[in-house]
Structure formats: C-alpha cells, structure tokens
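Protein chains: 2
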Amino acid sequence: MGIKVGLLGLGTVGAGAVKILLDPADRHPLLSQIAIAKIGVRQLDKPRPVNFPAEVLTTDLESLVTDPEIAIVVEVMGGLEPARSLILKAIHHGKHVVTANKAVIARYGDEIFTAANEAGVYVLLEAAVGGGIPVIQPLKQALGVNRIQAVTGIINGTTNYILTRMQQEGGDFEPILAEAQRLGYAEADPAADVDGLDAADKIAILASLAFGGRIKLSEVYSEGIRQVTAADMAYASRLGFVIKLLAIARRNTHPDSEEPLDELQLRVHPTLVPLAHPLAAVNDVYNAILVEGDPIGQVMFFGPGAGEGPTASAVVSDILNIAATLVSGQGSEITAKTANPLLACTHQHYCKISPMADIVSRYYLRLLAEDRPGVIGKLGLCFGDHAVSLESIVQIGLRDNYAEIVIVSHEVKEAHFQTALDDLRGFPEIHSVASVLRVL
Amino acid sequence: MGIKVGLLGLGTVGAGAVKILLDPADRHPLLSQIAIAKIGVRQLDKPRPVNFPAEVLTTDLESLVTDPEIAIVVEVMGGLEPARSLILKAIHHGKHVVTANKAVIARYGDEIFTAANEAGVYVLLEAAVGGGIPVIQPLKQALGVNRIQAVTGIINGTTNYILTRMQQEGGDFEPILAEAQRLGYAEADPAADVDGLDAADKIAILASLAFGGRIKLSEVYSEGIRQVTAADMAYASRLGFVIKLLAIARRNTHPDSEEPLDELQLRVHPTLVPLAHPLAAVNDVYNAILVEGDPIGQVMFFGPGAGEGPTASAVVSDILNIAATLVSGQGSEITAKTANPLLACTHQHYCKISPMADIVSRYYLRLLAEDRPGVIGKLGLCFGDHAVSLESIVQIGLRDNYAEIVIVSHEVKEAHFQTALDDLRGFPEIHSVASVLRVL
Numbered sequence: 008m009g010i011k012v013g014l015l016g017l018g019t020v021g022a023g024a025v026k027i028l029l030d031p032a033d034r035h036p037l038l039s040q041i042a043i044a045k046i047g048v049r050q051l052d053k054p055r056p057v058n059f060p061a062e063v064l065t066t067d068l069e070s071l072v073t074d075p076e077i078a079i080v081v082e083v084m085g086g087l088e089p090a091r092s093l094i095l096k097a098i099h100h101g102k103h104v105v106t107a108n109k110a111v112i113a114r115y116g117d118e119i120f121t122a123a124n125e126a127g128v129y130v131l132l133e134a135a136v137g138g139g140i141p142v143i144q145p146l147k148q149a150l151g152v153n154r155i156q157a158v159t160g161i162i163n164g165t166t167n168y169i170l171t172r173m174q175q176e177g178g179d180f181e182p183i184l185a186e187a188q189r190l191g192y193a194e195a196d197p198a199a200d201v202d203g204l205d206a207a208d209k210i211a212i213l214a215s216l217a218f219g220g221r222i223k224l225s226e227v228y229s230e231g232i233r234q235v236t237a238a239d240m241a242y243a244s245r246l247g248f249v250i251k252l253l254a255i256a257r258r259n260t261h262p263d264s265e266e267p268l269d270e271l272q273l274r275v276h277p278t279l280v281p282l283a284h285p286l287a288a289v290n291d292v293y294n295a296i297l298v299e300g301d302p303i304g305q306v307m308f309f310g311p312g313a314g315e316g317p318t319a320s321a322v323v324s325d326i327l328n329i330a331a332t333l334v335s336g337q338g339s340e341i342t343a344k345t346a347n348p349l350l351a352c353t354h355q356h357y358c359k360i361s362p363m364a365d366i367v368s369r370y371y372l373r374l375l376a377e378d379r380p381g382v383i384g385k386l387g388l389c390f391g392d393h394a395v396s397l398e399s400i401v402q403i404g405l406r407d408n409y410a411e412i413v414i415v416s417h418e419v420k421e422a423h424f425q426t427a428l429d430d431l432r433g434f435p436e437i438h439s440v441a442s443v444l445r446v447l
Numbered sequence: 008m009g010i011k012v013g014l015l016g017l018g019t020v021g022a023g024a025v026k027i028l029l030d031p032a033d034r035h036p037l038l039s040q041i042a043i044a045k046i047g048v049r050q051l052d053k054p055r056p057v058n059f060p061a062e063v064l065t066t067d068l069e070s071l072v073t074d075p076e077i078a079i080v081v082e083v084m085g086g087l088e089p090a091r092s093l094i095l096k097a098i099h100h101g102k103h104v105v106t107a108n109k110a111v112i113a114r115y116g117d118e119i120f121t122a123a124n125e126a127g128v129y130v131l132l133e134a135a136v137g138g139g140i141p142v143i144q145p146l147k148q149a150l151g152v153n154r155i156q157a158v159t160g161i162i163n164g165t166t167n168y169i170l171t172r173m174q175q176e177g178g179d180f181e182p183i184l185a186e187a188q189r190l191g192y193a194e195a196d197p198a199a200d201v202d203g204l205d206a207a208d209k210i211a212i213l214a215s216l217a218f219g220g221r222i223k224l225s226e227v228y229s230e231g232i233r234q235v236t237a238a239d240m241a242y243a244s245r246l247g248f249v250i251k252l253l254a255i256a257r258r259n260t261h262p263d264s265e266e267p268l269d270e271l272q273l274r275v276h277p278t279l280v281p282l283a284h285p286l287a288a289v290n291d292v293y294n295a296i297l298v299e300g301d302p303i304g305q306v307m308f309f310g311p312g313a314g315e316g317p318t319a320s321a322v323v324s325d326i327l328n329i330a331a332t333l334v335s336g337q338g339s340e341i342t343a344k345t346a347n348p349l350l351a352c353t354h355q356h357y358c359k360i361s362p363m364a365d366i367v368s369r370y371y372l373r374l375l376a377e378d379r380p381g382v383i384g385k386l387g388l389c390f391g392d393h394a395v396s397l398e399s400i401v402q403i404g405l406r407d408n409y410a411e412i413v414i415v416s417h418e419v420k421e422a423h424f425q426t427a428l429d430d431l432r433g434f435p436e437i438h439s440v441a442s443v444l445r446v447l
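Top to bottom, those sequences are chains A and B. Under our numbering, think of the first position of the first sequence as 8, with each following residue one higher. Under our numbering, think of the first position of the second sequence as 8, with each following residue one higher.
Take the hints with a grain of salt, since some may be wrong.
Since copy identity is lost for identical chains, a pair holds within one copy or between any two.
[Claimed, not checked] Restricting the straight-line Cα-Cα distance to at most 30 Å, the calculated cross-link-like pairs of lysine-lysine (DSBU-like) are:
| # | residue 1 | residue 2 |
| --- | --- | --- |
| 1 | Lys26 | Lys147 |
| 2 | Lys147 | Lys53 |
| 3 | Lys359 | Lys26 |
| 4 | Lys11 | Lys147 |
No lab work stands behind these hints, which were simulated from the structure alone.
The whole structure should be built from the sequences, with the hints applied where relevant.
See the structure below:
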C-alpha cells in the first residue's frame, strides 16, 4: 500500500524531509499514503538526527534508484556526481525524481529533462531555488498565463546576510565574512556564494521556467560581492539605496517600440536598489523573488532561502505533487501525450542571451582624483563624449588626500559606460576607480 | 478541438480573462488549446473593451452552464445570485468551475464543494483572494505539507490605500475615503471594504484551505477602519508601529505547552504592526499574505490585490490548471477516487472558532483624562487588578484640556482587557476612551 519513495542522502535536507514524512498528522492527508522505502547513505553506522526503521538504510545507491518498488527518488545528496548519474538512472528506470540540487539542474537540466520526457516521468525541483519559498510551482502554474518580463531575486542567503550586516554596522566585507563563517552562515570555502555562482545557478533555473527555454549556464554573467566596501554602502545609503546581490533575468525590449524581443539578459551582480523597491527591505538570510509579467504586474515571493525546515518543506511538497498525480490516475504510465503540462518540462530550444555589453542599466561609480579645479568638468565631458548621460556627479570629500567623487548615470548601454570608464582611467588626474556598481 | 470554456460575465475581470485567452502567444503553450465557446452577459448590444466573435455572446446563462460542449464555466459576474445558482447548475452538469467570487465561496463554499465532489469536478478560486497573487494554489500544494500556525494578511486594497495615505499625509479617515472614492479606489458604498467584511470573506477562505476545515462566516470577527484617527496613526508611528487592517487566522496553542489546539482564531481588525514586520511595508493597494507553518517558518506572498490584469491572470491560471488535468487524461471523468487531491477540496468538518473574549493579544489604548496627579497610578492599578500587564503608560500631552494618555499592554486575554476597560470608563477622572486597537 501507499507510494514508496527512496531518498538519496540524509544530510540536513534529507533528515528534514524524513521528519515530515514520518509525522504526517495535521498535514495534507495524502502524506500518510507516502512511505519511505529506502534511504541511501555513505555510512550505515552514523548517529542520525531522526528515528526510522534501521532496515531502510542502504549504501547501495544503484539498487535504490533501480528498485521496482520505489516510485519517487528524492535526490538530496548534493554535488554534481554521483547525483547526476543517479538521477539519470532513476529516470531510466521509470522513477519520478524530486531534487534540491540547483547545481546539477543548472548544468545538466537539458539532459535530465530530455531523459524524463522520454521515460514519461516528472522531475520536480522546488527546493533548488529559494529554499522553502514556493516559486518554481507558481512560475510553472499560476504565473504561466503571463508574458513574463523579468524575474529579479535575492536568492543567496549568505551574501544577503553579509550585505545586511555591512549595511547595518558599517563594516567591511572581510571581517563580516569571517564572522558569518564562524556562525555557520557561510561555508569554509565561500566562493560559490560570495562570487555569485550559486545565484547564477538559481537564476538560470528561474529564467528557464519563466521564459520557457533552456539556458546555457556559461552565458549567465556573474559578479560577486567581494569588492563591495563599507564606503559604497554608506554612499549608497546617502543616495537613497541599499546594495543587494541581485540575480536578474529580463527579456529585452525594442529600444523604440518597447516590444518584447526574443533575447534575455541574465546577470548576477551587486546592485544599488532604491529604498522604496520591494526587494530593498529583504534582509539577513531571507530570500525574495520578484516576478514581473503581463498582465499581472509585480508579484513577490518572500521567505527563508535555506535551512532544514524550509528546504524540506519544498522537497516534500514536490513529493506530494507527484503522489497526487499517482493516486489520481495519472502518473505511473504517463507519456508525452498524457503528462501534465504544468508539471512536465518540455521546452527544447535555447534562449538567446544578450552579451553584457548590450545591456542598459544605470551605474554608480566611485573615483579618487586629484583635488584640483576642472576635474569634475573633465569627467562630465568624457561621459558626454561616450553618450553616457549622468544623473549626478558629486565630490563627497577627501580620502587619502584625493578628492572622492561619486557619479550616478542615467540608463545607458553598458558598452558606452565601459569605454568612457576606460578613457577616464587614462586621465592623469584620476588616481583610481574605487568601485563600479550597477543601479536598479 | 481544444477545451471549451464559457464565461459568466464580461466586466473588468471577464474582459481581462478574454484578452489573455485571445492572445496566447508567449504565454503557456497550453493556452492555445483553450477556446471561448460562450460569454454570458445581460445585454448583447453594449460596447465591449475586447474584440471576439459576436456569436459567442449570449444572454441565456442557463443554456451556457448546461451546454454539453463547455468543459469549464468561469464565473466572473460577482454578487450572490444568480452566481451561486449558476455555479451549482454548472457543477450538476459536470462542468469544472473557476470563480473569482469570494462572497459566494465564503458563504456557500460547503454547498458548492459538496456538489463538486459528488459531480467529480473541480472548483478553483485563485482570484477570490489577493487578486493576482498566487496564494490559493501554494496553500493547497506547496504549503500543504506544513502544519500551518497562522495566516495573516493585508487582503483589502481599498482600506490599505486609505490607511497608507492617512499614515503618509497625517490625514483623517473621512476626507481620504472621499478622495479614494473620487479616484475609483473605493466604492460609492464603501461598507464592504471599510467595515472589514470583504477581508472577512477572504480570510474565511484562506483559513479553510490552511487549516483543512470549513468555516462559518458568521464566526469571523470583523472590525473596520472607520474609527482609526490621524492621532492614532501618529502615536503608533512614535511607538514604532504602522496601523494596518489585518485579517488573521491562527491556530490556538496550549497556554503552557505551546502544543497546537483544535481551535482557531479568525479576526479582521485594524492592528498596530511593528515597523520591522514584513507586512508593515505593504502599502497602497498592494496585498500581502504571510503564512507561518512548521517546518517552513514564515513565507510571504506580495502583489497587486485587485485590478483587471492581475485578477484575470489568476482566473486564467485556474482555467489552465483544469485544462492541464483534462489534456493529461484526468479530468473529464474524475471520481472521488481519481480526483487530484491537491485540486479538489474534500474537507467536511467545521473548524472550531474561539470567541474573541478568549484571544490573547497586545492592546493599544488612548484615553482622555483629567490632568491631575495620581491618574496614571490609578489606571495602572486598575489594569493590574484585572491581570492585565502593561508595557507602557505615557501621558502624551494635552488635548482639549484633558491629559491624553496612551497605554500599550503586554499579551493578555481579551476578556481581561475588556473588563478592565469597562471599569476605567466608570472612573470620574476618565473623560473618554478615544481608541482601542490590537497590537500584533
């Protein structure tokens, strides 16, 4: 009786999922029909944070993903291999798959979904983005009737925690990263988080769902937060902004007609966000995803972006979704014709991604220059020569005997801004370009 | 070919839905398989904001809901009757139903869902709460694996618009209501909005989904915003709060063990919300719904709570959801055994609602009293005698020659607070109780 699931991995997320599955009272009644058949682990004799019948533990992951009794394989082991191979093998053996593995989906999603469609199984991944926040399902279902214009997210909790503390305490990046590591909010090797790579994986997944095409991860531009300084935080604040690591997927529009074009921007970078923007108030380890579409306008999903409970909630909700199709007579023998098109992922083409040189954005620039008359005028002329229109150019004060100048541009083409910047760097009056950030 | 829908009503929401259905490019591909068979209206020869084949218009609503060709009836006419009867007739004729009608569902949901389960059809209502914000589907699906502790929402755009303007301009209720009426943000008869009745309908629906039981609408406590003054706004702000009309559904917990009890609080009232709370920044006509559950923690859904585009997006997403089950081989002949348990609504029992006297809350109280020594002491003693512990009691200043005193309590039982208040009203030193508000 019941629907049998096999878990690959019993770390934080796996243990959280087991806790929910073994304690179904006062949750959705369908949960009581779901049974854990096997849990694949590396080591049998380790203390576990949950109690379950010892006989379900196995180190034989291959036999788990091929077990004829198991209908749903839940991959919560993380990492690229053997996760990818096990997911593919499970699919080939007719198992539905639930995964929390953004890295595998962002890199091998095409291979995995092609295999899933051939085998007639579902691959669900709510936990891969935004922890517990329901965002994958709404993008596939409730928001699918819209023409999506943009998805903009704070989707990395570690960097949001660091930036929030930098903002609140006026501290610099390195010491706050070190403390985040001590507190367990950042990994010993923080690169995937602080260099924006984790956010890049996630925005690739969101963009694929929002815009109905496949995404080459290598085409996602990604810039981390290491170069954000306490000084920039303070100036941003004076100008009415906070600095957030945003992941942005946006459909380009025709510069004159505003008609949507068949081309996306996909980028992760620290960004000055106006204080009144809904994402500006998303602090600490919280995540939020803002979706803009026609005709819905703006909707935002906010919640805990990580952690055992939230992520397990997302994993088990995917299991429940598949279980619901199984008990309702879909499911076990679905084909391309009978798959539920709101659960399956059938797009084949690759989205066209525009190069960063072509994006249009506002920019924030901080310079150190000789403190002498005429410098600001020269800067203004140089930007003007490159078709970069400025909103403000202000000498903030002196730093190390140099004049510290902060410039905010209007919306301009990145290529124009960068060539102006290259020119500036050659000016004898310019001591250094302290920072360049994009402005939402 | 395709799935045929019939619309009841072609007002704002109906017209918005037709626009989406007739223009499926760049939306979910399944939309192109959905065809509008009939649109039921009161008058044939009225100018319409959308173009569609004239022959689909009909004034014969009965024949629309019994048309054997139509698989999905979309009720967007509003009002209680004939909406309720037409929905029931559609169900009895085997049609799936999509409705945006919170008033009908909040009052006749039991009758409608019982009929739907017997007939083996789905009744979906994403647009009934929160306009375009996906919240009904996430509550049924992604959040269903959680034990929900509370759903707290700003779910009436009109009152949120009025309160936001009162807060930002320091204005009083009446003139801002009048302007909201001129601008079309409030109805000529504003009672349903400003007295909290619309929010009561919606929280009844959300509670039913979140807690898996039926709700008697008459048991929802509802208090509007007419008595909120500019003075209270200003004092709330000084104390670190904003005033919002909140709709709250919360499962009671045991006072000692914190174990969840089988009893809900269901209430709509103006509430002092701490500035750092995620709902505090939800302004203007925006809505937001905060869901708290175990193990997910807090997630919030934010977006436009009304308007043609957003509401139409929600209506069409429900149509899409049903269409997806129809093309995937569920659907046309579903029974209690084969209905998708995440789309159907099968709970039978009524939730137990605790009386307001039993709820536990913090309170804000503003009094005018004789300006003489000992009054504050007497007030403090009186609250103490009724087991009401106070957080602060402050004489703010003088108003009309009376001392204006603002009191904020700790969490206390409403009955205790009210009896203390009854006592106070009898004190000769007390001129009047200017306002009593609950604090989140």
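So which hints don't hold here, by number, going up? Going through the list in order, the structure violates hint 2 alone and respects the others.
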